[in-house]
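Student: Throw the hints in and build the complete structure from the sequences for me.
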Amino acid sequence: MTAYVYGTLREAFEATDLSLDEIWMRYFGLGGSASLRELDAVLHEGVVSDRLQHNVLAHALNERFTELGMNHPAPYRENLTQS
Amino acid sequence: MAAMAEPLLGRQINRELLEAVVGLARKAIDRADSVGVTMAAPDGPTTAAATGDWVREIDAVQYGFADGPCLSAMATGRIVRAPDLSEESRWAPFVADAVRRGVAGMISAPISLPQGSIGALNVYSRIAGRFSAQDEAMVVLFADEVSSVLGTAQTSAAAAEATEHLQLALRSRETIGQAIGILMEREGYDAAEAFEVMRSSSQRSNVELREIARRIIESRHGAGFGSEEES
Numbered sequence: 033m034t035a036y037v038y039g040t041l042r043e044a045f046e047a048t049d050l051s052l053d054e055i056w057m058r059y060f061g062l063g064g065s066a067s068l069r070e071l072d073a074v075l076h077e078g079v080v081s082d083r084l085q086h087n088v089l090a091h092a093l094n095e096r097f098t099e100l101g102m103n104h105p106a107p108y109r110e111n112l113t114q115s
Numbered sequence: 038m039a040a041m042a043e044p045l046l047g048r049q050i051n052r053e054l055l056e057a058v059v060g061l062a063r064k065a066i067d068r069a070d071s072v073g074v075t076m077a078a079p080d081g082p083t084t085a086a087a088t089g090d091w092v093r094e095i096d097a098v099q100y101g102f103a104d105g106p107c108l109s110a111m112a113t114g115r116i117v118r119a120p121d122l123s124e125e126s127r128w129a130p131f132v133a134d135a136v137r138r139g140v141a142g143m144i145s146a147p148i149s150l151p152q153g154s155i156g157a158l159n160v161y162s163r164i165a166g167r168f169s170a171q172d173e174a175m176v177v178l179f180a181d182e183v184s185s186v187l188g189t190a191q192t193s194a195a196a197a198e199a200t201e202h203l204q205l206a207l208r209s210r211e212t213i214g215q216a217i218g219i220l221m222e223r224e225g226y227d228a229a230e231a232f233e234v235m236r237s238s239s240q241r242s243n244v245e246l247r248e249i250a251r252r253i254i255e256s257r258h259g260a261g262f263g264s265e266e267e268s
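Note that the protein sequences, when read in sequence, are chains A and B. All residue numbers for the first sequence refer to this note's numbering, where the first residue is 33 and numbers rise by one. All residue numbers for the second sequence refer to this note's numbering, where the first residue is 38 and numbers rise by one.
It is worth saying that the hints were derived from the structure and are not from the lab. Every residue gets a Cβ at the ideal spot worked out from N, C-alpha and C, and that includes glycine. Careful, some of the hints might be misleading.
Stated by the list, open to error - Derived DEER-like restraints, expressed as beta-carbon distance ranges:
| # | chain 1 | residue 1 | chain 2 | residue 2 | range |
| --- | --- | --- | --- | --- | --- |
| 1 | A | Asn103 | B | Gly139 | 23 to 31 Å |
| 2 | B | Asp227 | A | Leu50 | 28 to 36 Å |
| 3 | B | Ile254 | A | Leu52 | 51 to 59 Å |
As the list claims (entries may be wrong) - Residues from chain A that keep clear of chain B, each with C-beta distances beyond 10 Å, as calculated:
| # | residue |
| --- | --- |
| 4 | Tyr38 |
| 5 | Thr40 |
| 6 | Arg42 |
| 7 | Glu46 |
| 8 | Ala47 |
| 9 | Ala73 |
| 10 | Glu77 |
| 11 | Leu100 |
| 12 | Leu112 |
Tutor: Written out as structure tokens, the structure is:
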């Protein structure tokens, strides 16, 4: 059921048409707690240390992919580790 | 102050947008009784938006002394915490005056463009005590949001749209936060697990997470949501 395509959140972000502001707003709307600047740093590293924050960001990206007709290609935390 | 004012020259501050942001910030930050935005300007710092006259009064005092938490945040580009003014040793003349006006605690976060600080978002509390990590995070979030909007939204239409997005995001955030709280209480999950349950359900059913959250809130008194697929 893991249909994810991108290896990191950064790759996924770069595959969307969203600006940093736009993805931050979506992430914030889902309960994300990193500031815009922190999110910028996180997207450069591609991985978020906190599991919840990682998945909130992955889901924010995936909601955009869903709007574009794709099925959750951004990796949730469990997709990156042995689940 | 002149050096800080420079990035703003030729830039139109959208007051409506800033007013909307301070209003949202007051709602979103638990400890906030009032919120204001100070911006650098050629004639010195000015209160560009405030949730009330109380803020403007206190800000005027601070500008008069040319010293205080908000101006420190602007000067250093860092968040400045003054959770209990009765125990504050910095900014003595301003603090004495602010306390007389009913301010018990303040926190200020810089509003920055790549060129440097151009202002600060200030939160005023009538009750002393430390600001929670959540409150601090929100102060920084809103300050960053103002920075970003000032950096990009040049037209008032773009600014109005940005405000609307922020409002929607806040509403969605509240809904999801409530639903997480309900699942934690009812199912004994931690926050990450509660989010997990909602986001798998969102993925399975192809329904947006905030809609899943809304259903959980609505089902609060009914059958458990965690007991799998809606029938």
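Student: For each hint, tell me whether it holds in the structure or not.
Tutor: Comparing the hints with the structure gives:
Remark: the range hint 23 to 31 Å for A:Asn103 to B:Gly139 is contradicted by a beta-carbon distance near 55 Å. In this structure, B:Asp227 and A:Leu50 meet the distance hint of 28 to 36 Å, their C-beta atoms being roughly 29 Å apart. Take B:Ile254 and A:Leu52: their Cβ atoms lie about 31 Å apart, and the range 51 to 59 Å is violated. With a cut of 10 Å on Cβ distances, A:Tyr38 stays outside the contact zone with chain B, its closest approach being about 15 Å.
With 10 Å as the threshold on Cβ separation, the claim that A:Thr40 sits away from chain B holds: the shortest Cβ distance comes to roughly 18 Å. At the 10 Å boundary, the C-beta of A:Arg42 stays outside the reach of chain B, the nearest C-beta of that chain being 19 Å off. Residue placement check: A:Glu46 keeps its beta carbon more than 10 Å from all beta carbons of chain B (closest about 19 Å). No Cβ of chain B approaches the Cβ of A:Ala47 within 10 Å, the least distance being about 18 Å, so the stated non-interface status holds.
Residue placement check: A:Ala73 keeps its beta carbon more than 10 Å from all beta carbons of chain B (closest about 12 Å). Every C-beta of chain B lies more than 10 Å from that of A:Glu77, the closest at about 18 Å, which supports listing it as non-interface. Interface exclusion of A:Leu100 from chain B stands, the closest Cβ pair being 13 Å apart, more than 10 Å. Look at A:Leu112: its CB is around 14 Å from the nearest CB on chain B, clear of 10 Å, so calling it non-interface holds up.
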